[in-house]
Amino acid sequence: MNINLTMFGQLIMFAMFTWFCMKFVWPPIVMAMEERKKRIENGLLAAERGRSEQEEAQVKAQEMINQSKDQAADIIANATRQALNMVEDAKDVALREASKVRAQAQAQLEQDTIQTRNELKNQVSDLVMQGVNAVLAKEVDAKVHQQMLGKLSQSLS
Amino acid sequence: MSVTNEIITSGSYIKHHLQNLTYGQFPDGHWGLAHTISEAKEMGFWAFHLDTLSVSFVLGVLFLIFFYRVGKKMTADTPSGAQNFIESVIDFINENVRGSFNDQNPVVAPLALTTFIWIVLMNTMDLVPVDWLPYVAQKIGVWFGADPHHVFFKAVPTTDPNATFGMSIGIFILIIYYSIKEKGADGFAAELTFHPFGKMMLPFNLFLEGVNLIAKPVSLALRLFGNMYAGEMIFILIALLPFWVQWSLSLPWAIFHILIVLLQAFIFMTLVVVYMDMAHQKER
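Here the protein sequences line up with chains P and D, keeping their order.
For the first sequence, the numbering used here assigns the number 951 to the initial residue and increments by one for each residue that follows.
For the second sequence, the numbering used here assigns the number 21 to the initial residue and increments by one for each residue that follows.
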């Protein structure tokens, strides 16, 4: 139980062990543990970020869906309006065309009427002339009555 | 014990078990192994306890090799086996250091680890049945031509005050070193002289604080030594009983002793950390 040199041997040993532990044992173990801690932290952070991103994406997707719905409704409304317009336009065009055609036909008809009438007039006057000629050939000198007959045919027209 | 021609009294048995294997300087000047207890006593200060030194050295090296090899293979991925064990030990130490040490010093945590594991291992030698290692040592001694009754072997280093004082003096040196380093020589001197009663009571303060300072290593060493010595003593006393009743006492005592082994190492480690913290505190 006496105190002797053993104490110093023990002291030196203790110092050496502590030094070795500090230099070669402690750092790699603690470093690996720190690294794992960091990894876990990062993983948790990434998970958190992923979740928030997903939520954001969902919101965005919902927004986009709503937008496209609105757009589709707009498009449909526009198309309907346009179709109505087109129908109206077509009606207008058709009516206009029809009236034009009718006017043309009427003009043609009038012209034809006038022409026919003129022809008929001429034919009637010719006929009258022939009849008169035939009648007068016997009784009237054609040369004498020519002037009177011409005046007559002119008043008929 | 397997000694033939001498009658063994229980007194001599106990004494024999409590004697270290001593190598030192005889009064006439030459160095050698002490053959008897009185010879060992005569050597006085100039002697080594070979058993204490060798057992603690082997245990310390085992601890460092084990931790070093596992530490080299450490991965940050899923740990397994030995790494798990070591990480739990490191976590335990780290938690204690973080709890009681409020400064930054890369020495303290490894110091606490070394202290804790080394003391646990040395204390654990107490759980080896008291006669085994001395018996083996005796056989080896006889093989080298020694008288079997002159081969002493005290297997538990922490039952040798030299071991515990060696460690606590190391701690004492660190306390003084860090006190001076952190507070400056004047700051440390002021701490020793101006507290707790102010400048007028300087000698009294110095006496109080000096006792306080010296008490740290002394109490560290004596607490550990006393506990382990008493435990060892009881194991030796139990070993004196007839062999067929020994187990009924040694088993419960060994189970209880596991607690003491860990508890004493833990107390030592915690106090080391606390003392280091006190050495770093600038204002008290």
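Heads up, a few of these hints could be off.
What the hints assert, rightly or not - From the derived model, a few chain P residues whose C-beta atoms are all more than 10 Å from chain D:
hint, residue
1, Asn-954
2, Ala-965
3, Ser-1002
4, Ile-1026
5, Ser-1049
6, Val-1082
7, Val-1085
8, Met-1098
9, Lys-1101
Stated by the list, open to error - Below are the BS3-like pairs computed for lysine-lysine, each with C-alpha atoms no more than 25 Å apart in a straight line:
hint, chain 1, residue 1, chain 2, residue 2
10, D, Lys-219, D, Lys-201
11, P, Lys-987, D, Lys-93
12, D, Lys-93, P, Lys-988
13, P, Lys-973, D, Lys-92
14, P, Lys-973, D, Lys-61
Keep in mind that the hints were calculated from the coordinates and are not lab data.
Ideal Cβ positions, reconstructed from N, Cα and C, are used throughout, including at glycine.
Do the hints match the structure? See the list:
no.	hint	result
1	Asn-954	violated (4 Å)
2	Ala-965	violated (6 Å)
3	Ser-1002	holds (26 Å)
4	Ile-1026	holds (59 Å)
5	Ser-1049	holds (91 Å)
6	Val-1082	holds (136 Å)
7	Val-1085	holds (140 Å)
8	Met-1098	holds (138 Å)
9	Lys-1101	holds (133 Å)
10	D/Lys-219 x D/Lys-201	holds (23 Å)
11	P/Lys-987 x D/Lys-93	holds (17 Å)
12	D/Lys-93 x P/Lys-988	holds (19 Å)
13	P/Lys-973 x D/Lys-92	holds (12 Å)
14	P/Lys-973 x D/Lys-61	violated (39 Å)
In this structure, the earlier hints numbered 1, 2 and 14 are contradicted, and the remaining ones agree with it.
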